[in-house]
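**Student:** Residues per chain are reported as follows:
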Amino acid sequence: MRHTEVIKVALVGNPNTGKSSLFNQLTGLNQKVSNYPGVTVEKKTGVVKLTDTVTAKIVDLPGTYSINPSSLDENIVLQTFLGVEEKEYPDVVIVVADVENLKRNLYLFSQIKDLEIPAILVVNMADVMQKKGITLDIELLKKELKSEVLLISARKKLGIEEVKNAIIHYEKVDKVAIANIAERINAEFFKKLKDNFQNTALYKSWLLVTQHHNLPNLDRNLKQQIENFKVDPSTLKKMQNRETILRYQYINGILKKAYITDVNAATGLRFKLDRLLTHKFFGYVIFASILLLIFQSIFDWAGLPMELIDTTFAQFSSWTKDQLPTGVFTNLLAEGIIPGIGGIVIFIPQIAILFLFIAILEETGYMSRVVFLMDKIMRRFGMSGKSVIPLISGTACAIPAIMAARNIGGWKERLITILVTPFTTCSARLPVYTIIIALIIPDRRLLGIFNLQGLTLMALYLLGFTSAIISGLLLNHILKVKKKNFFVIEMPNYKLPSVKNVLFTVIDKTKAFVFGAGKIILAISIVLWFLASNGPSSYKNSAEIIAIEYADQNLSKEKLDQYIATYKLEHSYIGIAGKAIEPAIKPLGYDWKIGIALISSFAAREVFISTLATIYSVEDNTNTATIKQRMGAELNKETGAKRFNFPVGMSLLIFYVFAMQCMGTLAIVKRETNSWKWPLLQLFGMTALAYIASLLTFTILS
Amino acid sequence: MTTTIADLLVGEKGIIEDIPFDSVPLKLLEMGCLPGKEVELLQIAPFKDPLYIKVNGSHLAIRKETAVLIKITKIKNLCDILKS
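Each protein sequence line maps, in turn, to chains B and P.
In terms of my numbering, the first sequence is residues 1 to 702.
In terms of my numbering, the second sequence is residues 1 to 84.
A portion of the hints provided could be inaccurate.
Stated by the list, open to error - To list a few chain B residues with every Cβ distance to chain P over 12 Å, as calculated: (1) Thr51; (2) Asn68; (3) Ile226.
Claimed, not checked - Ranges of calculated distance between the beta carbons of each label pair, as one might list FRET restraints: (4) B:Leu292 / P:Lys74: 38 to 46 Å; (5) P:Thr73 / B:His169: 44 to 52 Å; (6) P:Pro35 / B:His213: 42 to 50 Å; (7) P:Pro20 / B:Pro587: 31 to 39 Å.
Just so you know, the hints here were simulated from the structure itself, not pulled from any lab data.
Ideal Cβ positions, reconstructed from N, Cα and C, are used throughout, including at glycine.
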């Protein structure tokens, strides 16, 4: 076997510089998404073959303006250079910069360069230079920055080969610090710093001292060393500010010589679009129309594939049961694993469509305008303009939505967003809503136009959204979290979305959901299956018990099996749990069978329907009726009336609007807030709210 | 009375005089919003907050609570000079 060299490349850059485009151009489909250890930040890596013997392993780091992080995602960049083991440390860094805003991009570049690591500056969007009246002296930049500098256009696929070439020859790039501002910040301090951390690049030591609280994985000895090197925090902060100023002075000095821009070539289109999109009337109208379009598309386009997935998995499950020999393993497969996976896959169409829209809105630059437009309004409810994205995503699934809240800088705003997002109507509630609405609301038109069932569904959506907003308002007053303002957003220039970037984002996000949330949903499905198919001694002996009980009635084999099945379910662990909570849920109008379904739906809300289907199918021997027919036929044993009458149906709908019926979300909230306090607050708070609201609904209506 | 970014009218420019480094996010400074830089107010969001500014070649949105902290001197434009 021939020996191949693998070069570890880190790709960094400001957001909106076309860093992802370059990554996609370099690696094509040879990329994979995993998680950074300990945190749920996505790690994108790709492999590119440079020559027969040399390949590059490229890590696409989250976009950032500085190595000093202001969010979880940005922290990854810092950790890559300071908190990782030797074998993960990059050999060479590619800093992608936008030619239009070279000054700010060089700020990050100079920080990276000062780490004394080979760095290549890739100036992107060269194709717009002429239009914007920019001239750039590349040779001078190379000399001043003591680095390789390349001019490319990732979008037009220009200069990609040169980038690959530069990676191959990375060892030729100088490994020296460039800004040399330490002396001017505080000569005495930096001398002490240098003596204290020998054999470490000075800028690295500086980052260790200023950012060690963001580096949880540091070696214990090093941690001790940092502790020993005591500095007053306010002095540090002052020096940090001084660093920023001096760094910019240094950059300005270089750019004065190397970068000329003709101011008259400024863009008029950006100005006009900004005017329109952030207009106090049209801005909101446009935003509302886009939202409407998104929701409409989610329902219109996802309906068919979802139905297909549903029936495919149901058929596959029964096919497995027929093919394999009966036994525990077959049951686990057919009743636990396959429906569990089906329960994840069914969300893919909606999530993919939603992220398609979100990716387009972000790529074009429109999302920043929405943040700008909504910030003041959202702040009244304790959130930030950036909370709009999680709240919209929550209509597909709360799990990716809560992860999207990470971009919100302020902790209080982020926390409130995380806490209220589960109120938005996620797609798992939809099957529950649709079937119950179909059972209790007549399919009639109001005033000849509005469909009553449709109106009810809309009302439920609005109720969910309103509760999110109102809880935000309450939490804003209740939560005593120190408020610190982090709100600075860049308003990027408008551009046409790149199909490749959008598609890759959709694939990434969908994968992240399937493998992140999917694992949890699947695990819970299996646990619940176990609880439903096992029980104490009375469960195990159900066949005999039934045989004895009905011995004198001379029942047919089928009838007897059916009685046994019912008895089994009643005496399984989950049946016992359902019966145990019956007294508590009786005031809401539910019996123990609904209780079982409520408990099972902790895996994912839509499991409510399939559980009821299982329960009723056990009792039903025709086996041909649909879930809806079975539910409609179910009677209340005490009153003899239909089980799913109007008050019970309404009470259930209201329950599902408010209740925190999703373990997956709870697990994600735990991970994102790093504490059990917040998911437990959600669980108990929302369940209590759901209980009271359903109790009121049922009492008033019946 | 001191003038801050929040006192600019849309389209007006100023030179940043002073920034209370401790009270504004470091990110803002790192975007190049520093003393001596020219700042232009491009737009104000409905409900008068946040503000959309251009500074050091960056287009940024900042909240009013941050804007009132950043002291500036207004640059008079040609029309003002002609009027006076």
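**Student:** Given the range 31 to 39 Å, decide if the beta-carbon distance of Pro20 of chain P to Pro587 of chain B lies inside it.
**Tutor:** 57 Å Cβ-Cβ, so the 31 to 39 Å window is violated.
**Student:** Find the nearest Cβ of chain P to the Cβ of Thr51 of chain B and say whether that gap is larger than 12 Å.
**Tutor:** holds (38 Å)
**Student:** Would you say the C-beta atoms of Thr73 of chain P and His169 of chain B sit inside 44 to 52 Å of each other?
**Tutor:** holds (50 Å)
**Student:** Per the stated criterion, does the least C-beta distance between Asn68 of chain B and chain P lie above 12 Å, as a non-interface residue requires?
**Tutor:** violated (6 Å)
**Student:** Against the range 38 to 46 Å, how does the distance between the Cβ atoms of Leu292 of chain B and Lys74 of chain P compare: consistent or not?
**Tutor:** Holds, at about 42 Å.
**Student:** Closest CB-CB distance from Ile226 of chain B to chain P, is it above 12 Å?
**Tutor:** holds (20 Å)
**Student:** Could you check the hint for me, namely that Pro35 of chain P and His213 of chain B are 42 to 50 Å apart, CB to CB?
**Tutor:** Since Pro35 of chain P and His213 of chain B have Cβ atoms about 28 Å apart, the given range 42 to 50 Å is violated.
The structure fails hints 2, 6, 7 (numbered hints given earlier, in ascending order).
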